[in-house]
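Asker: Listed below are the residues making up each chain.
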Amino acid sequence: MTMKTNKAPSRLERFRDSFVWYSFKRDRTAQLCLAVFLCLVMAAFAAPLLAPTDPYDLRQIDIMASELPPFWIDGADEQYSLGTDAQGRDLWSIILYGTRVSLLIGFGAVILQALLGVTFGLMAGYLGGRVDAFLMRLADIQLSFSTLMVAIVVGAVVKATLGGAFYSQYAVLMLVLIIGLAEWPQYARTVRASVLAEKGKEYVDAARVMGLRSKRIMFRHVLPNTLSPIFVISTVQIANAIISEAALSFLGLGMPETHPSLGSLIKAGFDYIQSGSWWITLIPGAVLVVLVLSINLLGDWLRDVMNPRLYKG
Amino acid sequence: MALLEVSQLDVRFALRQGEVKAIRDVSFTLERGERLGIVGESGAGKSVAAFSLLNLISKPGFIAGGSVRFEGQTLNTMSERGLRKIRGNRISMIFQDPMMTLNPVLSIGEQMVECLKAHRRISSRDARAIALDKLRQVQIPSPEKRLDQYPHELSGGMRQRIIIAIALLLDPDIIIADEPTTALDVTIQAEIMALLLDLCEQHNVGLILITHDLGVVSQVTQRMLVMYAGRVIEQGPTREIINDPQHPYTQGLINALPQMATPGEKLNQIRGSMPSLSNLPSGCAFHPRCDFIRRTDGQVRPACIEQVPGFVQAGNCQAACHMVAELQEDRRLKEESQ
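Taken in order, these protein sequences are the chains called A and B.
Numbered per full-length UniProt numbering, the first sequence spans residues 1 to 313.
Numbered per full-length UniProt numbering, the second sequence spans residues 1 to 338.
Any given hint could turn out to be false.
Claimed, not checked - In silico EDC-like links for lysine to aspartate or glutamate, alpha-carbon gap of 16 Å or less:
1) B/85 / B/173
2) A/201 / B/97
3) B/145 / B/133
4) A/215 / B/114
5) B/145 / B/110
6) B/59 / A/132
7) A/215 / B/133
8) B/59 / A/62
As the list claims (entries may be wrong) - Derived contacts from chain A toward chain B, CB cut-off under 10 Å, selection only:
9) 129
10) 205
11) 214
12) 227
Hints are computed from structural coordinates only; laboratory data are not their basis.
Remember, predicted model here, so these are calculated numbers, not experimental data.
The C-beta atom is built at its ideal place from N, Cα and C for all residues, glycine as well.
So here's chain A without its partners, still in its complex pose (with noise of 0.2 Å):
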């Protein structure tokens, strides 16, 4: 035990002693796919900076360059090194920008569903009564539809009344709301079972005894304490978001190609995997994966920690 001082930890001490970073030390799946995860969106959001071409320039794209190879096979230009899609685009400067898509409506999709679950879930597990079984109803109603109908219905709707180049612009916004508006009923009921459980406990009885408002104990006092699960389904509706946002758009319902995320490119190249073009799709499918994979891993990671009691097997 080193010195103890009469002055409280700093939050950064009080971190290095935490379990967390104690398990995160240990862990080399964790360190590797954070770092992977940490790679990718710093590539991603530097993409600017990273990229030889800027893909949304179309003055920089030569279309007698198209379907060029990647550099390990034979016939690439060395310009290109991942080689350039159907239109000439080089494939690397179009992945950086795309996982910049992906990333920011995955990110963007979970942000709106957690706010919304977060709120509902907390009015429905504290307040109770009607205020839950309509919430909740609200909930199951909205779970009966999947993300891809919605999407569909919505898509639909928005392009019919304000065109499909008004879609086009807004569709990074479209697909946050969409993909956020779907989800919220796992965050809702998440949190409500945790505040079910923690609404019992005396503190909130005492809190009400204090004479605080209704409001500050539902986020003050009973939300910090349903934060775990609230971060473990987090990393696992991220890379949810992401794989809609790419099943979505290899639907076709997602981000046009002029402007594509991952999931429209693997949607473009799809048509040229027959002809021999396989690095338009397998690519951009690659980073998918991994980006992927990572964050569920990561996810995996943070629910052993956050429940010590979950058998480990």
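Put chain B on the given structure of chain A with help from the hints.
Answerer: Same frame as chain A, now just chain B:
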């Protein structure tokens, strides 16, 4: 006018099996700076009584009748907004288990500052100063350090001190202490009780002490209520009740104290157990367990089974028993014959 006046309070729980009357016809008063004890077995309605004072009974419970008046304001019909100004501010409460009462994810300082800020327009710095001052009053070692600690870093005794500090934070008029020492170590119990008593006397705070420990009640309180199955069955000055209990139940409770038994013999007990509130016996709820229900000729007294007893004055005390006068007479005869 008394500081707190509870009259004919009636609390029920609407359960699927039907209404359960958790508290019936409970009346008492508390003067400024007075200390009142409420004693009874588990399930007698002590804690429900405490919660109903602040109108904190949660569903499916509700206050079905009677009133709680604090400084002339009726708390049980007051708006939630008005109640919030009284809770924690004028009337605060101490719970049984100090391990559960503090929020595990907030530091002691945050919890104290929050409570102050909920009731006063005050800067965080001033609130911290007040919090520190209260921690000193409850005699916690190195109070500055405690403000930044979390509940899990403290021992049970220290947590209960902190809870007392929080209860005193806004200089309330009344503290309701619901079994404040049951979850603590025996050696610490006495310390905490002494501290609570001391602080209440110093600040002239009224105390409602809910407990099943007759020893503590006799040391701390001036008046006491004995509750049985949701009703008050005896009330009056603590000293008089402890020295000369009128109700057979109170007599049984006092006889059951280990001090009252002869060494080497079995401890005295009241036979049977408290009836379920959803299935109370007719008449006097205590009659199935009462040793005096049969007259000398072996006949069961009909009044005990048929009528709910009202209060009978005996000295400064009141006891809800049909046989108070007879029992007094019996005891007098016994003493004379000895």
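Asker: With reference to the structure, classify each hint as holding or not holding.
Answerer: Now the hints, each set against the structure:
A hinted pair counts as satisfied when its Cα atoms are at most 16 Å apart, and residue 85 of chain B with residue 173 of chain B qualifies at roughly 13 Å. The suggested pairing of residue 201 of chain A with residue 97 of chain B holds, with an alpha-carbon distance near 10 Å, which does not exceed 16 Å. At roughly 13 Å between alpha-carbon atoms, residue 145 of chain B and residue 133 of chain B fall within 16 Å of each other, so this suggested pair holds. For the suggested pair residue 215 of chain A and residue 114 of chain B, the alpha carbons sit about 13 Å apart, so the restraint of at most 16 Å is met.
Restraint check for residue 145 of chain B and residue 110 of chain B: satisfied, since their Cα atoms lie roughly 13 Å apart, inside the 16 Å limit. At most 16 Å may separate the alpha-carbon atoms for a hinted pair to count; residue 59 of chain B and residue 132 of chain A meet this at roughly 14 Å. Pair hint residue 215 of chain A plus residue 133 of chain B does not hold up; C-alpha atoms about 29 Å apart against a cutoff of 16 Å. For the hint pairing residue 59 of chain B with residue 62 of chain A, the CA-to-CA distance comes to about 71 Å; that exceeds 16 Å, so the pair is violated.
With 10 Å as the threshold, the beta carbon of residue 129 of chain A comes within range of chain B, its nearest partner Cβ sitting at about 7 Å, so the hint holds. Here the hint on residue 205 of chain A is kept, as its CB sits about 7 Å from the closest CB of chain B, short of 10 Å. At a threshold of 10 Å, the smallest CB-CB gap from residue 214 of chain A to chain B is about 9 Å, leaving the interface hint in force. Restraint check, residue 227 of chain A versus chain B: the minimum CB separation of about 8 Å is within 10 Å; hint holds.
Hint compliance for this structure: hints 7 and 8 are broken, all remaining hints hold.
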